[in-house]
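**Student:** Can you make the complete structure from the sequences, with help from the hints?
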Amino acid sequence: SQTIHQWPATLVQPVGSPLSLECTVEGTSNPNLYWYRQAAGRGLQLLFYSVGIGQISSEVPQNLSASRPQDRQFILSSKKLLLSDSGFYLCAWRPHTGELFFGEGSRLTVL
Amino acid sequence: QKEVEQDPGPLSVPEGAIVSLNCTYSNSAFQYFMWYRQYSRKGPELLMYTYSSGNKEDGRFTAQVDKSSKYISLFIRDSQPSDSATYLCAMTLLRDMRFGAGTRLTVKP
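Chains A and B, in that order, give the protein sequences. Position 63 of the first sequence, counting from 1, maps to 63 under my numbering, and the rest follow consecutively. Position 99 of the second sequence, counting from 1, maps to 99 under my numbering, and the rest follow consecutively.
These are calculated hints, taken from the structure and not from any lab test. Don't take every hint at face value.
Derived coverage of chain B by chain A (criterion: at least 3 residues anywhere in the stretch with Cβ under 8 Å from a Cβ of chain A; other residues may be distant) [unchecked claim]: (1) 41-50; (2) 96-106.
Pairs of lysine-lysine residues, derived as DSBU-like cross-links and limited to a Cα-Cα distance of at most 35 Å, are as follows [claimed, not checked]: (3) B/K42 - B/K108; (4) B/K70 - B/K56; (5) A/K80 - B/K2; (6) B/K2 - B/K70; (7) B/K56 - B/K42; (8) B/K42 - A/K79; (9) B/K70 - A/K79; (10) B/K67 - B/K56; (11) B/K2 - B/K67; (12) B/K67 - B/K42; (13) A/K80 - B/K42; (14) B/K70 - B/K42.
A virtual CB, placed ideally from N, CA and C, is assigned to each residue, including glycine.
**Tutor:** In structure tokens form, the structure reads like this:
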């Protein structure tokens, strides 16, 4: 069966510091991978999605970037965090169509 | 108009009640419809997945899709305190997926 791992689970970072969130998927190959952000009391905002190694699509221009160095690895990064980057970040994967499966999430607090 | 509208609640019911959660949408091209349950500080968990109009039942949960009226519903029978969570509707067209804002449900013992 497929599983998705996401880490770290919780992160507290100062403004201006870098960020790296990692996500890996097991049990499938060539999945579509996604990064979402969920602000408190708000819906899910799609940040990036990838259909293959090195192929990244950005949905919202912002302080973040994403990379897919391997088929089942998806990384969310920032060079300098802003206060507004605080939130709950979710990695997800899906077959080419159909349902989306989420990781457990990474809670980022920028101080 | 948002593509997907979902009443944010909060919704509070006594244990054993029947719960009805609803979403409406504007894009008639949506093909697949999903309901997710999200516990506090956790990732959303897929509950129900369907692609046709009608009802789909799984234990105490029933998902209903009405494509002609563009709304979907999730019914929870014999609700339990463990059902207390935020419920998100979602729908997809090829690669695009749209989510409702989520309804927070509390089931009181």
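**Student:** Does each hint fit the structure? Answer for all of them.
**Tutor:** The hints, checked one at a time:
{"no.": "1", "hint": "41-50", "result": "holds (count 7)"}
{"no.": "2", "hint": "96-106", "result": "holds (count 5)"}
{"no.": "3", "hint": "B/K42 - B/K108", "result": "21 Å, holds"}
{"no.": "4", "hint": "B/K70 - B/K56", "result": "17 Å, holds"}
{"no.": "5", "hint": "A/K80 - B/K2", "result": "32 Å, holds"}
{"no.": "6", "hint": "B/K2 - B/K70", "result": "13 Å, holds"}
{"no.": "7", "hint": "B/K56 - B/K42", "result": "26 Å, holds"}
{"no.": "8", "hint": "B/K42 - A/K79", "result": "26 Å, holds"}
{"no.": "9", "hint": "B/K70 - A/K79", "result": "43 Å, violated"}
{"no.": "10", "hint": "B/K67 - B/K56", "result": "14 Å, holds"}
{"no.": "11", "hint": "B/K2 - B/K67", "result": "17 Å, holds"}
{"no.": "12", "hint": "B/K67 - B/K42", "result": "31 Å, holds"}
{"no.": "13", "hint": "A/K80 - B/K42", "result": "26 Å, holds"}
{"no.": "14", "hint": "B/K70 - B/K42", "result": "29 Å, holds"}
In summary, the one numbered hint that this structure violates is 9.
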